[in-house]
Amino acid sequence: MNEMSKNENLDIQIYNFAYLDENTKRMIRRALLKALCIPGYQVPFSSREMPMPYGWGTGGIQVTSACLIPKDVLKVIDQGADDTTNAVSIRKFFQKTANVAVTEKTSDASLIQTRHRIPETKLKEKQILVYQVPIPEPLRFLEPREVETRKMHALSEYGLMYVKLYEDIAKHGHIETAYAYPVKTNGNYVTDPSPIPKFDNPKMNNSPAIQLFGAGREQRIYAIPPYTNVKSLDFEDYPFEAMKANFKCSICGSSNSYLDEIIVSDDGKRSYICSDTDYCKEQTKLNSKKEDQL
Amino acid sequence: MEHYPFSENSINSSIAFRSLVNATSYPGRTFQINKLNKPSVLSNAAATILITLCDNESNVYLSKDYNTEEVRNWLIFNTGAIISNKKNADFVIGTWKSLLPLNEFKIGVPEYPERSATLIIEETKYKKVKCSIDGPGIKNKLHIDLPNPELFIENNNLYPLGLDFYFTNDLEILSIPRSTKINVINSEY
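Going down the list, the sequences are from chains A and B. Throughout the first sequence, residue numbering follows our numbering, covering 1 to 294 in sequence. Throughout the second sequence, residue numbering follows our numbering, covering 1 to 189 in sequence.
Chain B on its own, in the form it takes in the complex (with noise of 0.2 Å):
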């Protein structure tokens, strides 16, 4: 039992599940995962996301750094899940850096706008920019930090169409869907 990632998998999938709609529902706002069994490249968080929601028809992108036998043999033994490129993935993983451009990954289309990609971003280790975030989910403007937080609000544009983004650290998970309005309040870059 111990190699399977949740000890008990539907209470545990169930968990982990709650933790993502709290997310997704409060943006901007940091909600907990609990630790499960995965490869050592991967978060706690971006692992749960990945275990939580993928099958046999989800398209997963893993940027270089994600892209190891490791982490392709986990997801491919427990999920089913299709290793695919950047244009048909569903579930994207990696880097800020390494999934620049983001206009490579499918934004859905006016009539069916959930065909689009939800990016699980690793690591916080990119440049800040102090952001006030408002839209669905928040109640009053909050304060977080941003990288790029033009290809945000590039992004916001595009609604109802667009990504939506996890950020994923260790036990945290925190999200920026499509529907976050972002306004900068410091730009130095």
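Same shape as in the complex, but just chain A (with noise of 0.2 Å):
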């Protein structure tokens, strides 16, 4: 037993607060204050090995950490979930090294490290929104070399994202871009919104709430202030449209929040559910307090 709670001790005296040490610290907090201050533009950082493989939000993981505060009630999501293994593993570790309080509640949590998706509940002032971000320059599937996105960027150069989006209905007859799904912000960068679904673009725009992008081995912070505009691109006669499944959540019967399709038998039958679980269990409680009052 001793031995034990000596282990214990031990644990908290290695790490530093939330993990990261000072200096990283100090260095990626002034790539945060930089990027709030020019909005959607993409902050190289000098990103860190964490104790996890690339692409499980290394980055998010290294914002979050310089960001905690000890009073903070931190949620994670994974797809919209707080029970997925991504979002499990992130919280625990946060809870070792840093102490805090977690909830799985949008409205009580403080700080909310997301992956994919932004959640139902509208978010507050002052509550901080971390992504988690695989590809940070939107335009790098389209021009790979860095010196040349770089320079696009530099003189607002997006006309090849237009093109891309233009193909899109020359072949489809509509935007296909379904997540991911670029945005212009403050009306001068484009930026990649991480693989969110479209749905969830319109919450960007003008959210009380502060918007921090972290991409871990891509070595890029970036950040949407509180209040700021975020327009999703898209051309006058082919209007941006948020959309999702046209089906009612087989749990709690939301039709305004975005499905996930699930495969519920060997032949193929389908069922749609809320991605955002907390928000499934507030409507759930909800239905069942008016049940109990009819």
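Bear in mind the hints are in silico, worked out from the structure with no lab data behind them. Glycine included, C-beta positions come from ideal geometry on N, C-alpha and C. Please note: incorrect hints may appear among the correct ones.
Only part of the chain A face toward chain B is listed, based on derived beta-carbon distances under 10 Å [unchecked claim]:
{"id": "1", "residue": "Arg26"}
{"id": "2", "residue": "Leu33"}
{"id": "3", "residue": "Leu36"}
{"id": "4", "residue": "Leu68"}
{"id": "5", "residue": "Lys71"}
{"id": "6", "residue": "Glu125"}
{"id": "7", "residue": "Ile128"}
{"id": "8", "residue": "Lys151"}
{"id": "9", "residue": "Thr185"}
{"id": "10", "residue": "Ile224"}
{"id": "11", "residue": "Pro225"}
Both chains come to you apart, so use the hints to assemble them.
See below:
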């Protein structure tokens, strides 16, 4: 027993608060503040190796580490769910290294780290939303050379992106891009919103919350401050449309939230459920309250 | 321990940084900073910015009232920062008048707009002009007092290049980043 408690103490002493050392945090903090001053611009930073593989949120976790305070209530979601592997392990990581309180409730959280979704519940002022970003450069699949994409951003030369969207229309009759749909931030930089479904794009516009983006492997940090104009790229005759599957959630019955499609039987029967597990729980509670009143 | 700027370094620096994030995210609004051990000439807020953000890669320009042995020793001992000239400075500290003209500070380059100076303006003893501000982080237009608003308008015209400002006064901090648009309400000068 004594041995164990000794080891537990050791655990706490091994790590600096929230894992990263103070020098790394300073470097990330400087990048974060400049990112907030230049909305949508990707600030290079010297990303550290984290105790998880690239692609599992090494960028988001570094941003969260640099931002966490002891008073924070942390929520971590992966595709909207609080209970998937990535979300659970990141949440445990910060419970262990920062000893912060955690929650699944969007409205109770002061800092939310997310992979590929924005919560359905409206965010509030001073809430921080940290996105995990795989490819921060929206032009990368169109132009592989960093020197060139950097120049394109400097000159606001985004014709190539419009050509891509136009080709979508020419081929499919509509803009095919369904996730990581490019946006223009504060009327200046074209920005990758990370692979959120385009259903979530309108939530980024004029949000009261602080949106921070971390790409670990690609070593970039960017930000969208609160109350910032975020416009999804489109054409006058093909305006942007936030779409979702045209069904109701089979658990809570909501028709407003983003749905995941699941196959429920061997003969391919489909069912749709809310991707945001917290929202789904809240709706279910509201429904049962309504039933009680009847 | 009482000689260190923060009593519990990693905890207090995180709390200080959160105030900076909030101030930068919501320009024109005042946010509170905690007390720390610092040279007497510096305000708590200005000292907090330097301690939280500077390391041995940071060039700091101290204008004449702040370029004292006490400040230099404190800054170099605690952060390893480099005392630099105006041209190379990443962080600049001084009263408004002592920092003019602003065009000597670096504003970044089109490919790297973040390679620009952050100006920390101490004291509020400048000629105030009523302005209304708008832009990212501001819900409805805000009214604040600024010195020489024409310089902030000029700075905003450089966007996405430009300087980022923090106004510090004792325990208070307020930011005007380059993205903030300024309109003069009463122009008496």
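Structure-based check of each hint:
Taken as an interface hint, Arg26 of chain A checks out: its beta carbon lies about 5 Å from the nearest beta carbon of chain B, inside 10 Å. Checking Leu33 of chain A against chain B by beta carbon gives a least distance of about 5 Å; that is within 10 Å, so the hint holds. A least Cβ separation of about 5 Å between Leu36 of chain A and chain B falls short of the 10 Å threshold, and the interface hint therefore holds. The criterion of a C-beta within 10 Å of any C-beta in chain B is met by Leu68 of chain A, whose closest approach is roughly 6 Å, and the hint holds.
Given the 10 Å rule on beta carbons, the hint for Lys71 of chain A holds: about 8 Å separates it from the nearest Cβ of chain B. Against a cut-off of 10 Å between C-beta atoms, the interface hint on Glu125 of chain A holds, since the closest Cβ of chain B lies about 8 Å away. At its closest, the beta carbon of Ile128 of chain A sits 7 Å from a beta carbon of chain B; the interface hint therefore holds under the 10 Å criterion. Interface hint at Lys151 of chain A: satisfied, since its Cβ lies 7 Å from the closest Cβ of chain B, which is below the 10 Å cut-off.
Checking Thr185 of chain A against chain B: minimum C-beta separation of about 9 Å stays under 10 Å; hint holds. Checking Ile224 of chain A against chain B: minimum C-beta separation of about 8 Å stays under 10 Å; hint holds. Because the closest C-beta pair between Pro225 of chain A and chain B is about 4 Å apart, less than 10 Å, the hint holds.
Violated hints: none; the structure is consistent with every hint.
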